[in-house]
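A.B. asks: Respectively, the protein sequence lines represent chains A and B.
For the first sequence, my numbering begins at 1 and goes up steadily by one.
For the second sequence, my numbering begins at 1 and goes up steadily by one.
It should be emphasised that the hints constitute simulated quantities derived from the structure, not laboratory data.
No false leads were mixed into what you were given.
Lysine-lysine pairs mimicking DSS-like chemistry, simulated, CA-CA at most 30 Å apart: (1) B:Lys206 x A:Lys70; (2) B:Lys206 x A:Lys73; (3) A:Lys2 x A:Lys70; (4) A:Lys73 x B:Lys10; (5) A:Lys200 x A:Lys2.
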Amino acid sequence: MKPLVSVEHFSKSYGEIRAVRDLSFSVRRGELFGLIGPDGAGKTTTMRTLVTLLRPDEGTVTVDGMDVRKQLKAIRAITGYMPQRFSLYPDLSVEQNLRFFAELFSVPRNELTDRMQRLYRFSRLEEFSTRLAGRLSGGMKQKLALSCTLIHDPVLLVLDEPTTGVDPVSRSEFWEILRELREQGVTIVVSTPYMDEAMKCDRIVIMHSGVALAHGTPGELINSMRLPMYALDERDLVMNFSRIEAASGVRSVQSFGDSLHITTDEDIDEDRLSAALEQTLDRPVRLRRIAPSLEDVFIALIEQGTEHAE
Amino acid sequence: MQRILYLVQKEFRQIFRDRSMIAALFFVPFIQLVILGNAITTDVTNLDLIVTDLDRTPMSRTFIERFTTTEYFNLVEVEEDYQALRGHLDNGRAKLAIVIPKHFQRDIVTGRHPDVQALVDGIDGNSAGVALGYMARIAEQHQAQIIRMDPMLGRPLREARIVHAEPRYWFNPELESEVYIIPGIVALILLIITVFLTSMGIVREKEIGTLEQLLVTPIRSMQLILGKVIPFSILGFVEIVVAMGFIYVIFGIGVEGSLWLLFGESAIFILTTLGVGIFISTISETQQQALFVGWFFMIFAILLSGFFIPIANMPDVIQYLTYFNPLRYFMVILREIYLKGTPLHYLLPETLAMAGFGVAVFSAAVMRYRRIIK
Numbered sequence: 001m002k003p004l005v006s007v008e009h010f011s012k013s014y015g016e017i018r019a020v021r022d023l024s025f026s027v028r029r030g031e032l033f034g035l036i037g038p039d040g041a042g043k044t045t046t047m048r049t050l051v052t053l054l055r056p057d058e059g060t061v062t063v064d065g066m067d068v069r070k071q072l073k074a075i076r077a078i079t080g081y082m083p084q085r086f087s088l089y090p091d092l093s094v095e096q097n098l099r100f101f102a103e104l105f106s107v108p109r110n111e112l113t114d115r116m117q118r119l120y121r122f123s124r125l126e127e128f129s130t131r132l133a134g135r136l137s138g139g140m141k142q143k144l145a146l147s148c149t150l151i152h153d154p155v156l157l158v159l160d161e162p163t164t165g166v167d168p169v170s171r172s173e174f175w176e177i178l179r180e181l182r183e184q185g186v187t188i189v190v191s192t193p194y195m196d197e198a199m200k201c202d203r204i205v206i207m208h209s210g211v212a213l214a215h216g217t218p219g220e221l222i223n224s225m226r227l228p229m230y231a232l233d234e235r236d237l238v239m240n241f242s243r244i245e246a247a248s249g250v251r252s253v254q255s256f257g258d259s260l261h262i263t264t265d266e267d268i269d270e271d272r273l274s275a276a277l278e279q280t281l282d283r284p285v286r287l288r289r290i291a292p293s294l295e296d297v298f299i300a301l302i303e304q305g306t307e308h309a310e
Numbered sequence: 001m002q003r004i005l006y007l008v009q010k011e012f013r014q015i016f017r018d019r020s021m022i023a024a025l026f027f028v029p030f031i032q033l034v035i036l037g038n039a040i041t042t043d044v045t046n047l048d049l050i051v052t053d054l055d056r057t058p059m060s061r062t063f064i065e066r067f068t069t070t071e072y073f074n075l076v077e078v079e080e081d082y083q084a085l086r087g088h089l090d091n092g093r094a095k096l097a098i099v100i101p102k103h104f105q106r107d108i109v110t111g112r113h114p115d116v117q118a119l120v121d122g123i124d125g126n127s128a129g130v131a132l133g134y135m136a137r138i139a140e141q142h143q144a145q146i147i148r149m150d151p152m153l154g155r156p157l158r159e160a161r162i163v164h165a166e167p168r169y170w171f172n173p174e175l176e177s178e179v180y181i182i183p184g185i186v187a188l189i190l191l192i193i194t195v196f197l198t199s200m201g202i203v204r205e206k207e208i209g210t211l212e213q214l215l216v217t218p219i220r221s222m223q224l225i226l227g228k229v230i231p232f233s234i235l236g237f238v239e240i241v242v243a244m245g246f247i248y249v250i251f252g253i254g255v256e257g258s259l260w261l262l263f264g265e266s267a268i269f270i271l272t273t274l275g276v277g278i279f280i281s282t283i284s285e286t287q288q289q290a291l292f293v294g295w296f297f298m299i300f301a302i303l304l305s306g307f308f309i310p311i312a313n314m315p316d317v318i319q320y321l322t323y324f325n326p327l328r329y330f331m332v333i334l335r336e337i338y339l340k341g342t343p344l345h346y347l348l349p350e351t352l353a354m355a356g357f358g359v360a361v362f363s364a365a366v367m368r369y370r371r372i373i374k
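Next up, chain B with everything else stripped away, as it sits in the complex (with noise of 0.2 Å):
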């Protein structure tokens, strides 16, 4: 137990001896908060529209007027014809089209079914389909109110009772996507500072040969591995304190939850980054490496964590493929924990199996590290 401590102490020494480090703890989350949280953004605001107006009558400008006094999109031009309109498509000048076709006004008059094309630029998939939602609640709204106030429209119509959804988003009302990104930052901070700092921290020593002499010491390797998984866990606590303090006053979201959950969480999420942090260290031999073994991993548990994209949005393939990465239920309980004040009794399941692989890992890590210094 003792010599564990005087293990913590001098990895505290090193980590302090370098004023750098210090700032590097609280400049790192500040950063990736400040970019991150403002920059993976899902919302679709300010998209570049064109309108081929084929009609040209008081309906089909209304229709579009109820497009311009959105924030959502932002038109570019109003074309006569249908060649125009593809080549701003082409050339990238708007991301969205649209065509009224001629007799829009006539057609709803005398009760048939106008089709509106929509056009949309699906290289960025996600923000397509987004923008498809809005042009379908925008034709919807236009819909409702056109049947209900038209004059030439007779009074049986104008007094029919449409049955109209209204939503109201919980927990996110406004749908931000940095109230649903930045909770995911937390769990990236932990895992980044878990699983280098310990996959660094240890090979350091076997980069400046200073294991070998700790290994003809009588300390046990257990020892050995808790000397270093402790600081850092440490820190990584410390980190996610500082991130939540950024949070707080940058974007001003407070933890609905539990703190004391919230912390038993991320320390049983550790458990799987400590032990990936420990296993990296037994296959390399120099910093280098295990900066490379470090970025490969985390690449996959970000990926497909959910951070950045949903799981549901996934091939089924890889949705079976997240069940094996512990940031996905991590992801899921931080944003619970921390967005919706969720107890403990409703995460359970992804409390059991991020602990499940946390035990496998960490142990297993263990395991192949004594057997490889012995």
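Bound-form chain A, shown alone (with noise of 0.2 Å):
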């Protein structure tokens, strides 16, 4: 079957910015895709392409089979949007939002009960339905925000930074939500600064600076980091860093609350890193073997990134 959404070696720059260079990815009927990369990485660029907002500026970016720079108003029509900034009107209650952009949609009178109250119920905002859309707390915004844009049955769903701001509790109830939109059927792009979050998603793609410096399953994009990996328990990690940052054998150091991650060059193995670093650090030091996480990929990944680029 054809990839719902199929971008390939598109680029967009604003004056002198190039917010995106040569991204090619697609994604697949049903799955629950992830944009993963920080502030600037070029992700809300992508996703308002995606939502007929921008106009690529280089390559093809198709919905469903239609061309993002020609068919605007089919694509929206399939598709549901919820911009990075909460978007609701705050002076109307969570029912008239949620009528509002129905009506706008054109949804049958005779569906729209029927919808209301399938949202109603994954969202549990039915007892609020008269309360103003401005006095939701920030997880009940987030919700009604989505239910919102699934008030027309999109078959795409566009999701920027959707639970930025918004506390751990609402978070995880959040993309609870998400997984059972994805069980029915829904195909959902989403983007995130968070690797727990990323580790959710079927795929991802990893965005830094306007490029896409990897895509796979979040395993396979562990299992690719081939690099041993250990982490030190140090107390003065300030004070160290540096200097095991220049102990022999070691590639780079990352701080993760009160350890440090090591990756180091192949041919080293455990025990000759631990005695370049009690050289080093002039005492006995523990190592412990570890998993590399999303995380320390997608930090090796820009490393990686920025080398290239110099």
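Need the complex rebuilt from these two chains, each delivered in its own frame; the hints are there to steer you.
C.D. replies: Rendered as structure tokens:
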């Protein structure tokens, strides 16, 4: 089956700033697909292009076989988009917001009650239906925004950092809802800077400064990192960071809370590393071999990426 | 079509959600009328007057009396020497000074022309001009009277026929400036409502991010614009009806001409203001910016409309500039319909000019808007 979303050699600049360069990926039907990257990676530009708000400078972007340059109306009709900033009418009630968007999308009257019931069921917003949207909590606002983008039964759902600034409980609840939606067959493209959320996606593309660094399933990406990795508990992290970095055989060092994650050159084993570190720090060290997390992969990729760029 | 209705409905819901907004809708025209209608007056009354009478004869005293018996002048003091008089003008105790020369009476009787000097504080040029006008009229009346009545003059002269113009002012017989100002306020209210509400209404959606949400719906940009301008136009018309009601109650001034013509001309006028509102929304990211640009536009529109300052009093270059100001035409049209009941065919030039600007500005703004949101 052809992919629902296909992005080929997509580039977009704002004047001098090259927001996205030569990006290619595709999203299969029914997939939960993640655009992962820090601020300025080009996630929002990519998503706004998907929903026809921006035109590609170069490359082709299609949704369900339709070109985002030409078939704007048709793409908008089957797409639901939730921008990063919460954007509903704060001075209209929950129900008025839902009805307003239903009307704009020409949802048939006889189906509307049914759909609203369904959306209320998963968002648990029914008891607040007369409350003004501006008076909802952050998590509830997010759910209402999602409900409004779902009111016309879109095939493709595009969510730009939907959980940024939302409390942890609401975040996991929100992802629960996304998974339910995927089971119902909705294709979802979501962007997030959080690695734990990236792990919940079927496939991801890691972006940095407008360039795709890698794509695949989270598992594939973790396995692709063949570098050995060790954790070192160290109290004087700040003091010794640069000394450890300079030790022989050490490729890179990242701090994670109370410990350091050290990646080494491939020919270095655990004994040789601990010997090198003991020599540098002039005391015994205890290393633990660990499997890299997605975050380690991400950081390693970004470092490689900047090295290449230099 | 259906979608536009929903947008309009949504807009009204948002407007009426805000109780203070409804109060403002009635309060604003009321305050504007009461304050502007009474404050902006070009009538000159109770002008402080100083007289230096160097003659001190029955004739000079009758002349002075002529000033004190009108409500236009308020005699502060009669000084005997010229220096003291200058002091009064300098410290602002008087706006107008009259110097009656020595031999005033003698000169009149012997048929010479005595020159009465008038010194006017010209800081407020408008009032100064009006004051001089009053003064000249009083002097003229005085002359007419002494010629007829003075027993010292010979009989032939007493019977001399003096051609005398007796002006009668139509449409505003008392020459009250509020009569002239008030129809203008109707124009201002319409201007303010349509420019500000339109620009801020659109920018607000940008600010809270709902515009982005609207753009991904199958809605057309034209529907989006109509959904904004229709409710604010309706509101503008409600406002002028409210204002006309207040005008009738407070000032007793009704519309002389056709109400339908007045509404029709208003509809043509707001094409421009709605266009300006839309244009402002395309160059502003926040409501503050929209407010700022809106004020900038309105100050020029109002000052160059002939609302306070008659256009004929402006320098030539500025006068040409006013031809590019649609409010200029609307001011004329409103005053004509309101005070004189002028029918459409006399107002055609203004109407056509206004319509030309309206169509041009509105379509340019809409085109720019559509290009920007694409």
